[in-house]
Amino acid sequence: MKSLKAKLAGITAALTLSVTAPAVIADETIKVGVLHSLSGTMAISETTLKDTMLMLIEEQNKKGGLLGKKLEPVVVDPASNWPLFAEKARELIEKEKVASVFGCWTSVSRKSVLPVFEELNSILFYPVQYEGEESSKNVFYTGAAPNTQAIPAVDYLMEEIGVKRWVLAGTDYVYPRTTNKILEAYLKAKGVAAEDIMINYTPFGHSDWQSIVSDVKKFGSAGKKTAVVSTINGDANVPFYKELGNQGITADDIPVVAFSVGEEELAGLDTGPLVGHLAAWNYFMSVENEANEEFIEAWHKFIKDEDRVTNDPMEAHYIGFNMWVKAVEAAGTTDPEAVQNALIGVSVPNLSGGYSTMMPNHHITKPVLIGEIQDDGQFQIVSQTAGLIPGDAWSDYLPGSKDVMADWQAPLSCGNYNVKTGKCSGQNY
Amino acid sequence: MIRCLTLRGRLPSSLFWLVLSLSILSAPVHATEFDQAIQALNTSKLSKVEGAVSALSQLDDERVSTVFTALLNSELYRHKKDKKLVLLVEKRGKMILIQDLFSGDAPYEVKKRRIKRVPVNNQLRGQIKAYLASVNLNHSNTDKRYAAVQSLLGDSDPEVLKAIKARLLVEESTRVKGILQTAIYLDQLSSQEQHIQLKAINELAGSLEPAVRNQLNQIVADENKQALHNAANKALAQIEDKVAFYSFLETLFFGLSLGSVLVLAAIGLAITFGVMGCINMAHGELIMIGAYTTYVIQLLMPNSIGASLLVAVPAAFVVSGLVGILIERGVIQFLKGRPLETLLATFGVSLVLQQLVRSIFSPLNRSVETPEWMSGAIDINPIFSLTINRITIIVFCLVVFFALFLVLKKTVLGLQVRAVSQNRDMARAMGVRSTWVDALTFGLGSGIAGVAGVALSQLTNVGPNMGQAYIIDSFMVVVFGGVGNLWGTLVAGMSLGVANKILEPVSGAVLAKILVLIFIILFIQKKPRGLFPQKGRAAEG
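Taken in sequence, the protein lines are chains B and R.
For the first sequence, the tail end lands on 429 under my numbering, and the numbers increase by one without skipping.
For the second sequence, the tail end lands on 1541 under my numbering, and the numbers increase by one without skipping.
Rather than coming from a laboratory, the hints here were simulated on the basis of the structure.
Check the hints yourself; a few may be wrong.
[Claimed, not checked] With a straight-line Cα cutoff of 27 Å, these simulated BS3-like cross-link-like pairs (lysine-lysine) come out:
1) R:1045 - B:217
2) R:1234 - B:301
3) B:225 - R:1091
4) R:1081 - B:301
5) R:1129 - B:225
6) R:1112 - B:218
7) R:1111 - B:304
8) B:224 - R:1162
9) R:1048 - B:225
10) B:164 - B:225
11) R:1045 - R:1116
12) R:1081 - R:1129
13) R:1513 - B:181
14) B:225 - R:1080
15) B:218 - B:31
16) B:164 - R:1129
17) R:1091 - B:218
18) B:301 - R:1513
19) B:301 - R:1048
20) B:217 - R:1144
21) B:224 - R:1081
22) B:224 - R:1091
23) R:1045 - B:218
24) R:1080 - B:301
25) B:225 - R:1144
26) B:217 - R:1091
27) R:1234 - B:224
28) R:1242 - B:217
Note that the coordinates shown come from a computational prediction; the quantities given were computed from them, not determined experimentally.
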């Protein structure tokens, strides 16, 4: 019986060998999963990241691949459909056996794939700025947490511009709600009175901003310097900025600082009336240094279009991918457990002229840049933090998470360890 | 001889220039200071520009205004290789037309990469604006003068006040005189003598300038001086009445403009769904196609953005109309009388169209420029202004509505459309080619959707998803207004717009939408046929 089985196995093996000879070569590659929506609502932002990943992988292969093998991208399209993200993630890990996955944009898509990555113990690099309050063993957050984007931006407005009154405007979902909660607590801790803070939420894709902009105008005419902190997401930004321009609100009256508006979003916008409004990111295309120039040049060559812009999430993938490469080289294997351990402490150059390091809480150190929108759709950097700021998984300004910390190094190995009670809540994220 | 004369004629003038340039070089200290400051502008460092701007604003030189205006409009560049300052004249794709600063030489083209903008930030823009305002106080244009005084309101600098008082003596325009007076009264509010303060408060009662309100609020907050406190309270009450009135008008305007967007989006549907009874889920995508047509037209005529919109209207009508006819001929005609299948099939069509646009134009939003004549606002008073693009869209909506109305009432096509929609068999018996009419009706509805797309391209994103945002609202308007009734669509769209805008400040944008939806559901329970139900036998069938 045994021998029959062995024989059969031998025959099958021989067959596969003879029929699908190229498959042998494929086995010699390391697969990298790319999980970005190429259709549906989020395609607008995520398609670029897919291209970025393809470019990074191509470049790495030119350098000789990784561990002597070529890298092979496996691109899937979760079509802006959150449950589909989980399905596709499972497909990538179980069927395609990818070594790691680069993907997701919205928080809800990340939350959707999280259980899959934890169950199958794989690795996800998440490249977008998000609300924090999470640290998973299997996710590496290369975008900004609130303390590496929102808080420095508010500091800039408060100290450099002298803003006294604040409008926190956002789209009605988890990222703006959490960020605004953190900002509200932060502003109040800084002594801003409750009546000087106006909070406003709008539905996804909100297109009629007349009353809200008019309210902001009224709120801002009370004689104190006013600023809008915008966590308005995606498509709603265009009509919002158009309305600002139409109602004659200029950046020197009431500056708007946005956390979701980058070069890519501005490319779909007539930027004339927006000049001077602000954005806070960890990278701008206009950063002047050699690494960035090389990156932009490579991007233009890869995408075959000189007009395409680069943006912050692209840089996050650039950092994340290089970190992964370095960690795999250090570990000498693509085994997820080994790579997860090797990733902590890895340091690679970022595009704004420094080195980003992966912290034990799976977030990275980044500089924070504040830029003013220019009429060519680029940002002019007006402020830059002196050093790099490590991303904070759990905000210091929210009552619930003040005492919580994440540290994935032994012996703690916990994503939400409560310092006061001395307990790891057991919850994986 | 003649040549000799001209030579002689030229000689003195060149001498004159020589003397002048010598005098510029040697005599006034400004000239060198000015040049130094200008030289300091030739930098990529913001901190250096800051220094240069404050140095320049100390100088009494006419050229400062020119430099500042260029800085403010981000038109001041520096030539990287030649290390000189240049003015941007025009952008021409990858090339840029520039002119050397203060040379008077002819403009010339350079590559974009050769020049770099002199950096400015918001603080600098504020400084420059303040400087220009004080210069513009004596500008020949009334509007400029008015704006200058307005931006100086509440400025307690004695120099500024002196300039304002001086201007009041020579000012001729009553409008500017009024605001100059306001500025002076505002200053008197902080006078040491109570009777002057009281008089100023009385004079300022009813002024809508935010600066006035803020100052009066400060006086009210100070309870120590009873008389002043009372007077200021009275003046404020008067102001608040006016504010309330104007904010009501504003809400009404916002509501009408939101309503006109709804009507524009829904009116095409009112024809395909209302008249033909065909549920077209791809309606939003037809709007999107109209918007993309606008984008393409602007690409084709980049030098006349103003006219491009006017061209885009008929173009979008034709393109969307043709796509509509294609959908009708290709899909809908085979599913006649099977509304559920039509719904699913057209939903499929909508996904196909979206992905098609994504493949052709990329998934990124496209930027459609707003022409000059549609941007800006008409300021009725300091707290009430009407944005011109919204006014244009309200007017455009009404024009489209009445044009469509006339087509349906006065033309042969309209007659046939109505005949087919009322009784298909009878119409066919009378010799109306009903399939032909169906296709044309669908084309008409789709074309109107395309026209709506032109208008929406001025308000919102032009991207593959834009249609989806409007499909639900459109159905809501048509169902609420009464299926098959154009007037119903107009009234329903406008009233939903106004209701939404009245609710929005009270309940927030998210809740306002929900409340409106709940209201419509309840309303449809009571009157299933909408606001203006169709009457007669046709409606029963």
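Just pull the numbers of the violated hints for me, sorted ascending.
Hint check: 1, 2, 3, 6, 12, 14, 15, 17, 18, 19, 21, 22, 23 and 26 fail, others pass.
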